[in-house]
Amino acid sequence: MATYVEPRPAVAVRQPQAGLLSRRWPLVGVLALQAVVSLAILRNTAFQDEALYLYAGRQIIHHWNGGPVPYDHYAFYFSGYPYAYPVIGGFLDMVGGLELARAFSLACMLGVTAIVYWVTGKLFDRTAALLASAAYACTGVVLFLGRLATFDAMCLFLIAIATALAVHGGMSRRPWAVAAIGPVLVLAILAKYAALLFVLPVLALLVCLGIPFVGWWRALVRLFLALAGFALSLDVAYKVIDKAAFHAISGSTTNRQVILTTSRVSLFTHVLHMSGLIYLLALLGALLALKLQWRFRVLAVVLLGSSALAPAYHIYVQETISLDKHIAYAMFFAMPLVGYALAWLSGYERQSLFGLYRGYWLAGLAVILAIFALGLGQARTLYTWADTSELSTALHTQLRLGTGRALAEDIEVARFDTTDVTDPWQWSGVRFDYYVDAAHHQYLGDPAIAHAIKDRYYDLIELSFVYLPAEANFTAAQMAATRNYDLIAEILFTNSFGKGHFYLFRLALSPGHGNFTNLKQLTPTYWGT
Amino acid sequence: MTDIPVAGAVGEPEVSADPVRDGFAPNGRHEAGHLNGEGMLSRPGRPSGRHRAPSRGARAARMLLTGPWRYALAVAIIWAAILAARGALTRSALISLGLSVVLGWVIWRISGSLFQFAAGSRNFRLLLASGSEGAQQFVRAILQLAIAASLLWLAWVRPGPWQYRLVIALALAFAISKSQWAERRLVTVANRVLVSPARYFTRQIGVLGRIQRVVCRVPAAAWGTISLLILLNLLIGLALLNTARLSFGFWAIHTKIAFIIIFAADVLFLKSALSAPRAAQPELSPNYVVAADRDKTDIALRSRRGGHAPGQLREVVPAPDKPRRFRRRRPTRLRAKSRAGVTAGAVVLALGWVGYTHPGPLLVLAVLVIGGMALSIADVPRQHAVTMLLAVALGIAAVDYLGWRLAVTNWQGWWIAVPLLCAETFGALHVLGFQFTVWPWPTPSIEPSEDPTRHRIFMLVATINEGVAILRPTLEGCVAAREKYLAQYPDGQVTIVVCNDGRAGKYPRWMEVEALANELGVRCLTRTTGGGAKAGNIENARREFQITGTALMAIFDADQVPKSDFLLKTVLPFADPKVGWVQTGQYYANLNNPVSRWADDQQSMFYNLLCPGKAALNAAFICGTNVVMRAAALDEIGGLPQDSVTEDFAASIQLHPRWRSIYLTDVLATGLGPPDVPSYLKQQGRWALGTLAVFRDHWRDILLPKKDGLRFGQRVQYFLAGTHYLCGLRDLVYVLSPVLFIFTGIPAVRTATLNQYLLHFLPYGVLGVGGMWYTARGMTGLRGIIIGFGSSPALIGSLVACVLRRKRPFAVTSKETQGRRSLGYLTSYVVAVLLCLAALAWATQLKGAQKTSLFISLLWIVYSLVLLSSFLWLARADLRAHALARQRGDAQISAKQPYPAKLAVHKSSLKPVLNVGLAALVASPVLFGGQLVTLPIFAGAAPPFTITRQQADAHYVGLSLPVQMLKSEPPKLAHDLGIGFSVIGRTQDIGDSFDVAWADSLAAQGARPWITLQFGGFGRHNQSPLTANLPAIYNGVDDSEIRRWAVQVRDYGKPVYLTVLLQADKNWAVSSGVANGGIPQDVPKAWLHIQSVFRSVGTNNVAWVWAPADPLHDQRFAPPPSTIDMVLQDFILYPGTKWGNPDIVLRRLVDRYPGKPLFVEVSVAGPPTEKAAWLAELGHALANCGQLYALVYHEGGPALKPTPAQAKSWSEASDPMSLAAWKRIVTTLRTAGSDGNLR
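Respectively, the protein sequence lines represent chains H and G. With the numbering used here, you'll find the first sequence wraps up at 529, consecutive numbering, no jumps. With the numbering used here, you'll find the second sequence wraps up at 1239, consecutive numbering, no jumps.
Only chain H is shown next, with the shape it has when bound in the complex (with noise of 0.2 Å):
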């Protein structure tokens, strides 16, 4: 049977410390550096998928206010249950406007950030955890996140929640913090689908912990306790949430169709471009661990692998999307070694004020900002989607509230962007139009575009063919040949890709008078009209 052991940290003495914030300054000052940085070089105007889940959060509060059901069902298709961050972003955008919702992501990903030196204090010692909560903080993808009002951050957080909650149950005397593992995860997965993905790596670590703190028995009583609690939240959560959303979890999750197809080398060298120094560093840490702390070699394994889960599911079904965002979910497993790495790199070990003055903690320092200054191009890199704050300015020079109709190929970020000005009724996409006309003939997608365009039905039409380029050249199309529109705004912007066009159309004033009439009136973009 084995014999409790009281919990102490791997490596050095903890030194008592006059009071909670001088023991937490470094920590205050790696937070303050991660908020400042993803403020100063992260600015733009809301991405498509933001403007998505926040407009769909605005609508359903709307609804819950006594306003109309909204028009889309979102709980079809979000990768994350639509009543749980859309409307906590939804109802921020509408106090605050989208910084305050970005606001909220930045919190999460502190929180996340917070929890890395945590976790890392409470395995290795304080050094690793400053270490290994710079070196997140400083990663690309993790500034990103901060600044990103989408499901992932609230996800991670709460994943790094009831990663928390698996260390100190894991450590603790006291087993009862374990249950609480259970309704985080369910929360967690309700944030975001692909937590699913964790669920296990967080039991896993309870046991990893448990077995050589506080024996073999006790740390299956945790397991069974953090067990329970995640089928009772899980059965909870089926009775309340919208059955809806089983669509939207095979389809966006676990039986996903692959949208942007990859070959597995690219997906790889990919991953090892934005994460692999962060890698190296787990893997030097996984070795150290096996190497010099016998307690924590089966877990030093399981952080390791827990930390290559998204990417390798990623490069298994070979699909592009959010995997950057995801990378941010593995660093998470990862850091903790990272940190020891760091701190064995750095001579902390040794604890020599000689190293000290030699100057042997630069080398920690220089990795970790190897690592901003990868981390800080990435940043930007993946910030890089059009800018439409001229679109919004051109869009509201047209629009009024209440009157006419639009039509828009960006309809996520044109009617976010035009909340002041207009319903939502108001708009409609080019990807799946439904129009009615006059003699009450229903049309659906490109046979709708056609009759609402040779009908005048829209007032404004906007276009970036960039998007969904095959619908736009249709509807421009449409344009040319009934004569029907006038090309009034012409709106450079410019992308990861290269350069393109947002294009405005107004109504003419007399059918058939339009000055757009040829396709080539459009200026060619970077990548042809």
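Computed from the model, here is a short list of chain H residues facing chain G with C-beta under 7 Å:
#	residue
1	Leu-130
2	Ala-134
3	Gly-347
4	Leu-365
5	Ala-370
6	Phe-372
7	Ala-373
8	Leu-376
9	Thr-393
10	Ala-394
11	His-396
12	Arg-400
13	Arg-506
Rather than coming from a laboratory, the hints here were simulated on the basis of the structure. In this text, a Cβ means the ideal position worked out from N, Cα and C, and glycines have one as well.
On the provided structure of chain H, position chain G as indicated by the hints.
This is chain G only, laid out in the frame that chain H set:
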């Protein structure tokens, strides 16, 4: 302010130029006078009985006509005359002028006292750092000066509703003049209002208790400074309101820049104010540690050090009761090497990546944060941690900047770009080298194994032509040092030798030296044949006295007076047989001389900062004097090299691979600095030539790998020292490059924006300056940098001599003041200044130049000018000091004077974080000042413009014109008509600004402006911009512009007629309700939206003129009548068209808008007879129109840019008939006006 002495009236001599002699003691206290309220020096004195005290009025009158008042009055009168000539002598202008004069006088007086104080304080910097009462007074005086300047600014710019600010400012100014009283009141009120209630709450709330403890730690004397600082920040915040109100917003760049600057200034002021009085310097401070067991030796190997020195750990042995987490433990050699290798590899890779990607200031921020955190968990002393952190951050910033700089170098203009790039790289290398040197390396340790007191000791004093007056104190010092040493070690053997080269050097009074030696009982060795300069002289003594083997040899220059404990402290380290020499600092005692004072600052940098760092790396080289050497070391290299003027430096390179060097920071000898600028330049030139020559001859030893050669740290140090004097060339490039760019237009960089430059340069520059300031604070300052910059010509001369291998004789630095001398040495500085000024003047004429390069160049030119001017100021002070000395006849000086150790040890009473927080709090008005604009007290509201019945019946007559005719036509037409116009109209774009000057000039003539505001003009294909669309207006797209206009009109404060959405009922309008996507319903929405924006900022001084093209049929477009103040009816009649009946139109208009005042605008072109006839018809119609408010003739016709012919044909004075007809209308309206007086 009441103690102003009146020269001649008090029977006292004039105030002399020497404030010290006048009782203005360096410590800020007065011996004979006292500081009055403004910090001014005043002298005690009463009118003698022979003179009657002048009356109060007479004194005031006399005061008004003397000194600065006279100039101020003259300036005021001239300025008033200019204003009067321009017709702008309004009451407010006079008030501003008066206030400016008063405040200017205050500034004058305070500045004067500050300059006196600064000039009179020999150790002014140390005084400031000391936190004494004098320093507090000085700081307060500076603050008062700044406050007065702010008030001056406020009074002069008269921004917006300036009355509020002026009232506040004057109240505060009153508080300043009574600052002592204000201080007392402040403390009393604070006690009553804050402290007493706080006591109760602090018991309840823990945070308040914490705050109370912090507040209690603020020194009582600091409250006055803090209150002044708060006042200054408030005033600056007020001043910035004017710019902030133009909707620049919270994050506007100017707000941020102002905040950063003010915040930094606040930190400095608070640091000074909150500094506790200077702490006593520690008695003992180790320069090295003893590695072996101390108990085995009776030698106390500790020497006193006057403060901290980087590179040396203060706490060598941790206190036993304080557990230390990190222990001093040396890793094994192999582990240390591998660790160093890993570190170096990681650092090089990271730096390479940074240099390649040059990510900018965020990376530097990351270094500061993460590095700070990494150090904080290691319990490193704060000072060491900050030094290391600044060094690392600076390294990153330098690599980032150089990487960027390389990427944007203009290789096409290589001849200007490459030298500048090299100069910048060289500068960066030395900046980094500085940080490498001052890095807190582990304290050097020695391993004692022998008793050095048994060795023979020789004190060699080299002299050639200095004379006995200078030599005597030196020898007396040597004797005293010998006596003290022998008193402690009676078995010791100390021989003092004067190495007299006077005879060989043909010094006429060389025999006096021998006599002096005899008198003092020391040995004198006089050479008969010279050679080898000082090294030859020393070697001669070594030969004569057999100074070889275990003997120790202390070397002194003739002016270097050793302290009595010199030998006691310098001999002991020789207990370690590996120690080859012990070097001590070279300090100048003749600090009453300006050149010496500045040069001493430069010396302090080397001896107090760099030498300890070099010693920690075992790279402290021999400096030629104040050094004790082991003769055995010299024996190894065959004695001191005699082929170099810096034999000491050359010897060190040869000795360092095998011998250890120790450096002591204690002031163990003091000497004489160069007494004048030429001597200083000669000294620097000699040192530069010697050092560069040694580097030229020994570069292989320094740079190339060699077995048993110099170690890495030593190589770095010798490289830095050997190339240091190339900084003259670097400075020359810095001065010339921007000048060359301005004259040739060829930039050194290309494709760089100003923003990029600032982003990459500022972190580098700020950290470079900050790092140097932090490590050198209290030791050196700007004076050292300026005098170093000034030595550039001498250094360049030496470089040329070195490259050309020209021989220069060894010239001893003169220690005496020279007589009248040539000013030729100043030529190069004057030429450089003139060149810079010419470049500045030339730059004002440049058009279309690259603005970024131009701006950067101008900055550098200004920087060069400041340095050059400062050096010239030093030269002037030098000349004045020597002239005074000649008058007094006290040219002879001695080094036997007290020297203040420049190792300030002072601590703040608050923690730095709290200090910074407090500074941010104090500076917050600057940051948030922009937000105050929305507060009613600052935003205010213009007086409403309501049209009374009387006004409505006044029948105003006016003109509306295109902008190009705005100034020329009205006076001409007014003359033709014989009346003054009451309304002048113009059309402006929303992107323009409200023309306040024009409106003011109208107001001065009794007229009112009528603005027609258009939301853009027609562009390509006659298309109006999207932002002019009516939905754009009411959807808020143009709100910022509308708000800006509203604020400007409100600040104008006088009535304005405003027309928006001109002819929105027609498709030709820019903002149309029937075209460009507009619909009729849009028009009233846009109209109401514009009015709501105006109302929101309190713009009530506007009369809204509704101006459709067809007011009789505007029902679908018209806004609610209650929102219309008057209606415009246009009569624009083209030649060849049918002209309507004005009477019918006006009658229908009255029916359409009953009770609304009518604005009638007329413009007609056609045959004179027809035109005159129609105008007559119009006159009848107007006479019958009861709602007519104003009649305006539109000059220039309907074209946007009329040709002269068009303008002529459409003018009211196009022909005599038309003019007469128009005149008749005006006359008729005059008689019909209710007040009988046409306006």
